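Residue numbers (the numbering used here), protein chains in the order written: chain W, 1 to 333; chain Y, 1 to 333; chain G, 1 to 333; chain P, 1 to 333.
Keep in mind that the hints were calculated from the coordinates and are not lab data. Keep in mind it's a predicted model, so treat the numbers as computed, not measured. Be aware that a few hints might be false.
Heads up, simulated BS3-like pairs for lysine-lysine below, C-alpha to C-alpha not over 25 Å straight-line [to be verified]:
id, chain 1, residue 1, chain 2, residue 2
1, W, LYS234, Y, LYS224
2, G, LYS130, G, LYS279
3, W, LYS224, Y, LYS315
4, G, LYS182, G, LYS133
4 protein chains.
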Amino acid sequence: MLRIGVIGYGYWGPNIVRNFSVIDGASVVAVCDKNPISLERVKKNHPDMSVTPDSREITSSPDIDIVTVITPVSTHYELAREALLNGKHVFVEKPFTASAAEAEELIEIAEKKNLKIMVDHTFLFTSAVKKIKQIIDEDVLGDLYYYDSTRVNLGLFQHDINVIWDLAPHDFSIMDYLIRHKPLAVAATGRAHINSKEDIAYIMVYFTNNIIAHINVNWLSPVKLRTTLIGGEKKMLVWNDVDADEKIKIYDRGVEITSSEGIYNLLVNYRSGDMWAPKVDQSEALRLETQYFVNCIQKNETPFNDGMAGLRIVKMLEACDESLKNNGKMVEI
Amino acid sequence: MLRIGVIGYGYWGPNIVRNFSVIDGASVVAVCDKNPISLERVKKNHPDMSVTPDSREITSSPDIDIVTVITPVSTHYELAREALLNGKHVFVEKPFTASAAEAEELIEIAEKKNLKIMVDHTFLFTSAVKKIKQIIDEDVLGDLYYYDSTRVNLGLFQHDINVIWDLAPHDFSIMDYLIRHKPLAVAATGRAHINSKEDIAYIMVYFTNNIIAHINVNWLSPVKLRTTLIGGEKKMLVWNDVDADEKIKIYDRGVEITSSEGIYNLLVNYRSGDMWAPKVDQSEALRLETQYFVNCIQKNETPFNDGMAGLRIVKMLEACDESLKNNGKMVEI
Amino acid sequence: MLRIGVIGYGYWGPNIVRNFSVIDGASVVAVCDKNPISLERVKKNHPDMSVTPDSREITSSPDIDIVTVITPVSTHYELAREALLNGKHVFVEKPFTASAAEAEELIEIAEKKNLKIMVDHTFLFTSAVKKIKQIIDEDVLGDLYYYDSTRVNLGLFQHDINVIWDLAPHDFSIMDYLIRHKPLAVAATGRAHINSKEDIAYIMVYFTNNIIAHINVNWLSPVKLRTTLIGGEKKMLVWNDVDADEKIKIYDRGVEITSSEGIYNLLVNYRSGDMWAPKVDQSEALRLETQYFVNCIQKNETPFNDGMAGLRIVKMLEACDESLKNNGKMVEI
Amino acid sequence: MLRIGVIGYGYWGPNIVRNFSVIDGASVVAVCDKNPISLERVKKNHPDMSVTPDSREITSSPDIDIVTVITPVSTHYELAREALLNGKHVFVEKPFTASAAEAEELIEIAEKKNLKIMVDHTFLFTSAVKKIKQIIDEDVLGDLYYYDSTRVNLGLFQHDINVIWDLAPHDFSIMDYLIRHKPLAVAATGRAHINSKEDIAYIMVYFTNNIIAHINVNWLSPVKLRTTLIGGEKKMLVWNDVDADEKIKIYDRGVEITSSEGIYNLLVNYRSGDMWAPKVDQSEALRLETQYFVNCIQKNETPFNDGMAGLRIVKMLEACDESLKNNGKMVEI
């Protein structure tokens, strides 16, 4: 039985505690949060767990095997480093760290000490993303043309990061998982209206094979939109994550170049066929992810969403920062 | 009775002919198209109009007062110039011309000869845009934060222009009409997948007062989306032009900065109130626009969507072209 | 060339004139309406047609082969009878007549004189209904369980009929076309709120093979709904006629009985699989219908939506009237 | 601190346990279920509660003040009676009992012993229903014309009741709460396709003041619909309970009779104005309801959803049964 200590019991922490509590082979033994109100909530919901405001009680406890870090990004490196140095496996909320250098150091420590790192890219464990991966891998869409994601809603403003660091890791990790081709460069632009952090931003990612990605992230939208279009040579896909019943739709639509032309003729033909919405299960992604981490540790296997995967996403975020500072200049990765 | 000659009877021309036929004070007397099949269609639908494949028969006819140019963009300048030089008022499909220089020359000719130019920015005559203008002018939204438009569908590919020149004039003209602040710069990026013209593009426009605009145009989308979010300090608006019944929704939602903070407290408060969908009439925009042009000529008034308005949009398009060629570099206007 | 006279140029008449004008083998030569304003509209839109306020000029004209009756239901019988007696084929707006007796007399006259009757059940010529027919005929749905239609909107109130006679003929004719089993009985109930005619009504139709149909018609709904659920043993179908893009969705969902068990166990299993939305063409139904009528006359064939089909629908409507008067009593057909 | 014993830990029981656990002034001390698997789940989720397969250990325990009966309808009477006779307050899942006679006996016992009965009509505690009540009470809609509810989905089949007893209590209790006028009669019709219980049914309810209600309940629908139209003289309301964001929409639409007429003129005018969607809170109804029950007991107040309210709904259900057996005959209440 792997014993888990959770640091951070704010918005997302309760979900982490709940899921690690019910899976096989693990139990949550201690929860840390600086906020006494949060600790009261832990006591009420989970009277069997110990609580503490001091993260060192978690990272250095001899009774803990896994430390989960569900705190603001700026603190990930310090907390994860302490845990690793004390021989704990770590499960870190996304984005992995506040810089690539931090991520690289954590990966190095974990390798030396043969410890596992998992970065919480929960979307990779949803039925929707797994179904899309299957569809792409089976070449249903053909060569990809573009990935276009709109991920907007009102808040939640983060105090230490901008909207890109908050929302874009979802798309970066999904693209990292779905698209076989490599990102070559990013460009990002945005504006801050409420405080000094960008609350609206638009990101371009340029891949090999002429694939283009676009991500629209916004904390100031009156409506919540979670729509991703994936265009391919053969078919096209729309993933609407706020649609409970028909999250994924595959359209037999596309364009084909025709030979004959002339200035007053269109150069292309359109194909408009059926639409198909595969069944998408409702199983909870976080449960699958937490179980997967425990299994990886038990079998001494490297999770696919490991520190290296987390690092790739942080590098994208750093490139976005550089582009933001340079008026949306294209920045190579 | 103003006599109208229409050049171009392809996709949009029939709507122009039909609307100029039914309004007061005007009649369509002749239609020109290079394609004999189009001319056959004219004869069937409008047996009373003369037809010709030769545009000079329209531009030089002494029996014509207004020439409407509904042809590919590359031909606008030549046709409109001939018409103006022959003393005709001109109604030109958007975008006005293929370059700012062309537009400026046409404006100059028209001024010298006291002729009217109207550029067909039809959206400005829709009930939806007029209602949004009223809402903004009454300061319902407060200071604007952003304008974010998604304008995507499958085709129609244009043979002589890219997707920006095809779809972005709608948003450029709407912003020109709605937003009191000035555009300072644009940045555009895109990719061509089917032929040499960009079929997907993303445009940023930076205004004074920290307003940011974003336009997503795409000829390769499996679904038709026409959604514009307009975020303001006080309220936020969503315009969904493919929703027949509730095109405009105004949300009493927003964000307010609070004073107290601390590293683990959020810095902002959220307001989530009612939504309101004003009635939007169904009157045909093109009928209103064509009637307005005839009225302007009769009263010797300058239409607000005149050559100058058309020129402002062409300058935006030219700046997009320059940005496209420079990897999305920000280009001042 | 069959020469057509149209009686009635109100809400639907202009569509009839327009479609009969463009199809092959026919031309509209005269239009009748009692309202002088309507006749002015005819003159403006179709200067080549003669107009008259006197229906006898249409029904008795030696220059007319087909009379179309697009007037209030109470006048159908008289006008169609005159036309038939004068040797004209007739195309009659739905519902065919105000009573079964009237319909039977018209059918008898037409048979004696070898003339064609077509009743305008336009929905049977839509791509949506034809696609549903194909799906049912190919046994995709399996044995049918139910047909459940919601057909509600605000107005248009009819002055001489109630909401059942106005809207239910659509569903009655569609069921007559789709369902191989016979209607055994109907029951109808409703209420009049605005004048003496029911403006809200609910209709049950009981078929052989345990199929049940339900039709919800309402002139007092704030929203327009056109949704039909068709449940079958194998699959289920939703037809949403106000959805421009995905009118028909077929769900691989259903229920299967499991070996019975104990009081605290459910007795059934659920199947929840993929959804599929076949492409539905956008061709205009009325054009196909009018062309089909002309073809039937030319080839001396009986249209499937002939007087007998119209009579079957009128019998359903009469049974509804009887049920309405008897508090929703089940009335055999 | 009121001590609660819960009988029934199937589909709904876990929600009851969870909510009674967190409210003020109460704690769940024991849970009963005949199914050992259910009891295992209780032990895992709530290690502090005692469990038993024997309902008499709950109904007769001296350590229990409130018994909640969350079992199949056929068992409600027996279990609630035992609890009341042993001096316990009872909270009973809807529908209250399997017959009016049963309900009346329970009410009588409770009155004699000064105990509280609450019937779990959870919808009355939702923000949506409370907002609609406020809107109707403020006469926003004017005189009501109709209440039309569609409540369909795939399953869950109940083993001891038909679809009316399963789903219609929601609408019956909502109408009982919203509509000041009295139900005079009901009519119900339906069909059983899977087993001997009706799985599809349509219900009419006739009220004083010419108000008509219609309820469409169906266990065999491929899609989940929860749409209620409420038409009034002044305004009309649509409540879509599966829409997360805009559950309630109020339309400034309606019909007005005009004086002038004539056979070819319409008799009515249409008003089509703005739509307004009030903010509807997301608070959990069951939490409010359970807290309200505890408060009523503490203050010795009668809850509005008491045994009498439950009885009124059971009487409607019994009338439906009688109508079902008589081909949809209208049955007075």
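Hints versus structure:
Between the alpha carbons of W/LYS234 and Y/LYS224 the distance comes to roughly 18 Å, so the proposed pair stays at or under 25 Å and holds. Pair hint G/LYS130 plus G/LYS279 holds up; C-alpha atoms about 12 Å apart against a cutoff of 25 Å. Annotation: proposed proximity of W/LYS224 to Y/LYS315 is violated, straight-line Cα distance about 34 Å (limit 25 Å). Between G/LYS182 and G/LYS133 the alpha-carbon distance is near 16 Å, which keeps this suggested pair within the 25 Å criterion.
The structure shown violates just one earlier hint, number 3.
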